[in-house]
Each structure stands twice: as C-alpha cells, then as structure tokens.
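**Q** Okay, here's what each chain looks like letter by letter:
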Amino acid sequence: MKKFFRKYQKYIWLVAFAIFALLSFATGFQPGKAIGTNFNHSFIEMVTFVPFLFIIVGLFDVWVPKERIQRHIGQESGIKGITLVTLLAMLQAGPLYGAFPVAYMLYKKGASIKNIFIYLGAFASLKIPMLGIEIGYLGIKFTLARTLVSLPLFIGIGYLMEWWLKDKNFKISDGSQ
Amino acid sequence: MSSNAIIYISICAVLSLVSLFLDRGKTLAGFKKGWNMFKNVLLPFLNILILISLLLYIIPPSVISQYLGSGSGVLGFSVAALVGSITLIPGFISYPIAASLIQQGASYAVVATFMTTLMMVGVVTLPLEIKYFGKKVAISRNILNFIAAVIIGLVVGIIL
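Top line first, the protein sequences correspond to chains C and U. According to this note's numbering, the first sequence holds residues 1292 to 1468 in order. According to this note's numbering, the second sequence holds residues 45 to 204 in order.
It should be emphasised that the hints constitute simulated quantities derived from the structure, not laboratory data. Remember, predicted model here, so these are calculated numbers, not experimental data. It cannot be assumed that every hint is accurate.
[What the hints assert, rightly or not] A short list of chain U residues far from chain C (calculated; beta carbon distances all over 12 Å):
| # | residue |
| --- | --- |
| 1 | F75 |
| 2 | G115 |
| 3 | S122 |
| 4 | A143 |
[Claimed, not checked] Result set (DSS-like, lysine-lysine): computed pairs, CA atoms no more than 25 Å apart in a straight line:
| # | chain 1 | residue 1 | chain 2 | residue 2 |
| --- | --- | --- | --- | --- |
| 5 | U | K180 | C | K1400 |
| 6 | C | K1357 | U | K179 |
| 7 | U | K179 | C | K1457 |
| 8 | U | K70 | C | K1462 |
| 9 | U | K175 | C | K1459 |
| 10 | U | K76 | C | K1301 |
| 11 | U | K179 | C | K1459 |
| 12 | U | K83 | C | K1399 |
| 13 | C | K1301 | U | K83 |
| 14 | C | K1459 | U | K180 |
| 15 | C | K1399 | U | K180 |
| 16 | C | K1301 | C | K1357 |
| 17 | U | K77 | C | K1357 |
| 18 | C | K1298 | C | K1357 |
| 19 | C | K1462 | U | K175 |
| 20 | C | K1298 | U | K83 |
| 21 | U | K70 | U | K83 |
| 22 | U | K76 | C | K1357 |
| 23 | C | K1400 | U | K76 |
[To be verified] Some chain C residues judged to face chain U by a derived CB distance under 8 Å, without partners named:
| # | residue |
| --- | --- |
| 24 | I1326 |
| 25 | F1343 |
| 26 | L1344 |
| 27 | V1348 |
| 28 | I1360 |
| 29 | R1362 |
| 30 | P1386 |
| 31 | Y1388 |
| 32 | A1436 |
| 33 | L1442 |
| 34 | L1444 |
| 35 | I1446 |
| 36 | I1448 |
| 37 | Y1450 |
| 38 | W1454 |
| 39 | N1460 |
From the three backbone atoms N, C-alpha and C, an ideal C-beta is built for every residue, glycine too.
Kindly produce the complete structure, drawing on both the sequences and the hints.
**A** Put into structure tokens, the structure is as follows:
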C-alpha cells in the first residue's frame, strides 16, 4: 500500500484536480466549472502542438550529429567560431547548468574565452526546442524580437569577458571540487 | 484547430515523411526519442496548467495589468527581473505562464524581462556555476546577464 502510494504520489495534483473538476461539473459549482474550462482550453492548446514539436526535436536529434559537431568545434576564431558555437548551443536542450560541463570541454579544447561565453548565452536563450515552444505560445514576432535583441548582447558579453579575463589566468574546472 | 496546431502538425508530417523515405530505422528512433522527451515533460506541464487555471480564476486580470502591465513602470520590471533571476522554472513550463500573463494584461516588456532573466540568470544554480568558473567570473556573468536581460526587456517592449 505504501509502495503503491509512493509510486503514484507524483500524480496527486492531477488526480485531485480531476476529481475537483468532475465534482464541480456534476454539482454545478460555478468557480470549479470556470477553472475546469480554463484548464480544458490550455490543455487542448498544449496537446495539439507540443507533442508534435517534440517529435520534430527527436527527428533533429537523430539526423544532426551533435556529438560529431562537438568533437570538431573549439579553436575556430572570428565569425566562423562565433557561428559554430552558437549553432552547437542551439542544438542542445535542458537547463543552463547543463551547459557548464560543455563549457569546460570547450575550454579544454582551446576555445577562446569569448566563444565559451557566447556558447553559454546562446545555450540560455536560443535552444531550438525552446524556440519552438516560444513561437507556439508567444508568437513568432515576440520570439524574433527577443532573439534578435539577445544575440548582439550576449556576443558583446563574450567580448567583454574576454577583454576582462585575457591576462588573468582564467580557468574553468570540471566542477568536481 | 488553432494555427499553432496546423503549423506544427504540418511541419512534423513533412519532416517525418522525408525522414521515413531516407531511413526508416532512424526515423523510428527519432519518434521514440521525441515521444520520450514529451512524456518526461508531460506531468510537470499538466501541473503547471492546473496551477495557471486556478490562478487565472483567483487573480483578476486587472491586478495583473496593474502590477505587470505597460503602466506598471519600474515596479513591474523589478518584480519580473527578480522572480526570473531567483526562480528555477524549466523553460518549457515558463512559456504557458508567460502567454497567460500577456493575455491577462502584462506588457511584452515585462514578460520579456521575466523570460530572459529566467533563461540567463541563475541565482539558485550560482554555487554550481562557481564550481566551474570561480566566484568572480560566475557572479560577473550573472550580473552582466541580468543587465542584458533588462535591456532585452526594454527593447522588446519598444519594438512590440
């Protein structure tokens, strides 16, 4: 019984909400009906596009050889270097702290300070799966405006960090200590 | 059906067909990967949708537009930037929140600031970041990104 409960504990809000909504509709409880309708709208909105977005991301994942790109990236400089680290970052998924180990790897391979911080900026704000959801929820105009304004700013941060840290014996550790 | 659904289903269908034509095994692996990713986010996603539908009922739109709307000024920005910097909300969950905030009268500038600080500044993960980059660099990166996020919010607000 305890084991059963622990296994399904994560569904507790979902189940509680479903019971609440059903009871509200059965008894005609107005606030509950309004909340249930709210949920229904946003659920339909979500379920008609998010699964397809993930399928697209899954296909991307098998066709774009992320690991191979990662292996060949690092020491390029100039526009080419910036473009490559940005593209590599765009292919990733997950929260920002997932980018720190990759930053360490780039550092080990001799990437410039500038490109490492550009990678972090692009990782934070230009990941393709996230852009897909952003376009779906906030529209293409918002997404374009936000990304086009962000891009020069985090490239600028990259230059700034490099200018500041160039002669300062800057190191990235592997995060273990 | 919403235009979102039409666009994403069409893109998905075209890509799947091309991919199936090129390599059946790879395509199936891709489907499986995508589906698993979706399954992983489904439960937190549903929980946040429940929370949003409750909050939308409890908090009237007038309150949201008062505190986060275009007339909210410095207050709205500060709230958005602080909440965005401190909390650790996964990206995919923050978008429905952002969309409902806009629907309820929050301004684009405030929402852009919130989203950008959420993405680029991480107070909660700072200890981890320090392990990789050292104290000085990690803190500087967060401060610089915080400033950038506010600029992004302001400029996006002016554009839209």
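**Q** In ascending order, which of the hints set out earlier in this document are inconsistent with the structure?
**A** Going through the list in order, the structure violates hints 1, 4, 6, 8, 12, 16, 18, 23, 28, 29, 33, 35, 37, 38 and 39 and respects the others.
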